[in-house]
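*Asks:* The residues making up each chain are set out below.
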Amino acid sequence: MKVSFELLWLIPFLPLLGAIINGALSLGGARSAFGPSRGFVSLIAVLTPGLAFVITLIAAFKLSAIPSVGDNKVLVQTLWEWIAVDVAGFKFSLTAGLLFDKLTSMMLLFVTGIGTLIHIYSIGYMWEDRGFARFMAYLNLFMFSMIILVIGDSLPLTFLGWEGVGMCSYLLIGFWHKNNEYNDAARKAFIVNRIGDLGFLLGAFALYLVMNSNGMGSLHYRDIANWFQNPAHLELITGSAGLLGAACLLLFLGCTGKSAQIPLVTWLPDAMAGPTPVSALIHAATMVTSGIYLLARLCDVFVAASAPVFLGLTPLDIVLIVGCLTAAWGAIAGLVQLDIKKALAYSTVSQLGFMFMACGVGAFDVALFHVFTHAFFKATLFLAAGSVIHGLHHEQDMRRMGGLAKLMPITYAWFWCGWFAIIGLPGGAGFFSKDLILERLFDGHGFAPFIGGVAVAVALLTAIYMTRVMYLTFWSPARHSDEVKGHVHESPATMLIPITILGFGSLVVGILWSPLVGAIITNAGDPGAKPFASNAFELYLQPVLGLAQAKVHEPIKHLPGHIAWMPLLLGTMAAVIGLLIARWFWSRGHVNSTEKDLVGFAAWWTWGFDRVYLAIVILPIKVVAWILAWIVDALVAGVVGLTAEVARFLGDGYTSVQRPRLRSSLALSAAGAVGLVSLLLLSGPIAWVVGLVAVGVAVVFLLLEFLF
Amino acid sequence: MINHIALVDVQIVAAILFCLGLAVALTRRNVFLLLMGIELMLNAVNLSFIGFSRGFAGAESLFGQMTPIFIIAIAASAACVGLAMVICIVRGRESLDSDAFADMKE
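In order, the protein sequences belong to chains A and B. Those letters in the first sequence? Residues 139 to 846, per the numbering used here, in order. Those letters in the second sequence? Residues 163 to 268, per the numbering used here, in order.
Everything labelled a hint here was simulated from the structure, so no lab data went into it. Check before you lean on any hint, since a few could be wrong.
[Unchecked claim] Pairwise CB distance ranges (calculated):
#1 B:G220 to A:A825: 33 to 39 Å
#2 A:L841 to B:C181: 54 to 60 Å
#3 B:G217 to A:L788: 38 to 44 Å
#4 B:A221 to A:A782: 42 to 48 Å
#5 A:A168 to B:A221: 31 to 37 Å
#6 A:L841 to B:G220: 37 to 43 Å
#7 A:L842 to B:L258: 42 to 48 Å
#8 B:A168 to A:L788: 42 to 48 Å
#9 B:S223 to A:P798: 41 to 47 Å
#10 B:G220 to A:S821: 29 to 35 Å
In this text, all values refer to a predicted model and were calculated from it rather than measured experimentally. Positions of the beta carbon are idealized from the N, C-alpha and C atoms, including for glycine.
If we strip away everything but chain A, and leave its shape as in the complex, we get (with noise of 0.2 Å):
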């Protein structure tokens, strides 16, 4: 059932709003020395995004009132038409609507949610330095670019947010931009996202071809998810398998450019360089998981292309593979990190390559989940870990940290709340997130429980390293450089008091998956409801959801306090063995302090990605610049040239039967004028006559000029 509702506009106008004032004042007050009012720019940057995320509350609940049971609920708003070609026979219109279902309300509340505290965050984080209105307003174009994603109800109105949070990336990564460093990992993260939005661009075409085939072919999200819905379009699909395996591929390339999955998973590490909120909101908790949004809005696509494309695999299948290596890649790679941002970011990929094998195995609920649970627990890490670089005055390196658990009680304490989640005891969010697809990937088909194993070996990794850098940050005796030493402080409230808020919600937002807690929530108004039916956030999804999953494996059979117990109680296993290898290995904080922090090429646990992006990408790139170069200044530059010679050849030629003498030149070109009018226009003697006339008047004129 469609509802129209006028203020979905709202939504993502205000932090655009928030950002044209903001990036306003920081124009205006580019000339003094301190910068606008700190205050004012404060109040808009969080009011914004703030007041974004009360309309979106507000359309969540006038979703869940529209009286419809088990039907899609969608609240829409149409902005203006903004495509309308019909042009010879082809005929394509497209409009700018918002569409705002279960997936898109879910998505918003956290994305306007955790957005909002973090902006409260960055007024602590970012109080000192001088482009802090610039800062403001590149996040509030990130919000805007980032609603946009998700609200947009066509493929390239999401384009349009896709694109914006790439830029935004690019914007923040180089945000301290008179370091050279910084600028490189700013473009690194632009260029290769460019390569997955060319992924993404291609993919839509393809789509829209596929869906054409029988004239319906549209961007729109609703249409689509309806013609893959429809069985009778089921011969038109297997018709142009190929086309779907291609269009699903390359959207899938859009996902990993955005997502950093293999192969385009270098730059989210070197986004690091940003300032931490920046970390925290895009590079973990929001941007990052666009692909798994875009992935899960397509799911009806993906589920319908069951047809190989690759060694016998179907584009799910290579989702799920691309995931568990990206996984294993993110947390062998965290083992050895020692920076803390990095070994967070580490940590984003791998739990992103579990968003992904969720998916893999048409669990796109659960992914939805962990992308949810994620925000909450890898934003507490980030911001705490923020609130630790903060206090140790900007110092990164675990090496030098260490028995910060007294000096900075608050943030260990929400940072421990992070890493209790993350790493799945029992309670926290990403327990509950991760056993979940756990227990989905063991449910799969195929090879996907073989996969499951790799996860669990995974989750393994992942409390290991997450552990080793719980003991050289808080546990292990303190080893700050000597410039630090007795300077260490807590931060300030701002600071402090979005990291509580995400730090409790990591620890209590699992819940909403318990059977017992989602009956209480999603039975309260419907009493016909069946106890323990399901829980609530699967419940929640269903609409957009149910179709797809359904069509991949059979749902699972949730019986009155049914647990799945073998992939739990690996999960917690895992989780404690990981736990007590890390505490053998650092219990007391020994790294060696002689090893050097690789960087790029160096670092081997990047398993020589940049090397091979070099001979492959790089290096050919190179040379077919070198071609063009010589192309343009040997071909381009020479045509030019010579019709610069013709023309001057020309002009000296004309000049000489050019005449000094204004009236003699007139007299030439009318006698021109009347001999050619003569001779084409008229026959007979008459034009002979006029034309030796005319050609006498110029003669007398020509010795009329030599004479005089």
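Add chain B to chain A, keeping to what the hints say.
*Replies:* Frame of chain A, contents of chain B only:
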């Protein structure tokens, strides 16, 4: 009354005007008179257009009446530019004789 005038008569008048303009432009050495001659030629063309437009009905007739309006506008701007240039040159040369400008080629 105007309907009694034959189409060809208008063209003859226009041709005479044109020739007069041409003659002025060719024979007079004063730059201003030269410009006037050119204006006269342009107006002769306008007259010719108007004369032909009477031979058509409806839209074609309108077309013949619109073209002179464009020509008048363009001629006005051309005269502006021309006069401005003439003034510039005259200031430098202290002369209105167009033949005095004959060294401009170099």
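*Asks:* Next step is simple, just say for each hint if it's right about the structure.
*Replies:* Hint-by-hint comparison with the structure:
1. The hinted range of 33 to 39 Å is satisfied by B:G220 and A:A825, whose Cβ atoms lie roughly 34 Å apart.
2. At roughly 22 Å, the beta carbons of A:L841 and B:C181 sit outside the given window of 54 to 60 Å.
3. In this structure the hint that B:G217 and A:L788 lie 38 to 44 Å apart at CB holds, the actual value being about 41 Å.
4. The given range of 42 to 48 Å is respected by B:A221 and A:A782, whose C-beta atoms sit roughly 45 Å from each other.
5. The hinted window of 31 to 37 Å between A:A168 and B:A221 is violated, with their beta carbons roughly 59 Å apart.
6. For A:L841 paired with B:G220, a C-beta distance near 51 Å fails the hint of 37 to 43 Å.
7. For A:L842 and B:L258, the hinted distance range of 42 to 48 Å is not satisfied, since their beta carbons lie about 20 Å from each other.
8. Taken as a hint, the range 42 to 48 Å holds for the pair B:A168 and A:L788, whose Cβ atoms sit roughly 46 Å apart.
9. Here the CB-CB span from B:S223 to A:P798 is close to 45 Å, well matched to the stated 41 to 47 Å.
10. Between B:G220 and A:S821 the C-beta distance comes to about 32 Å, which sits within the given range of 29 to 35 Å.
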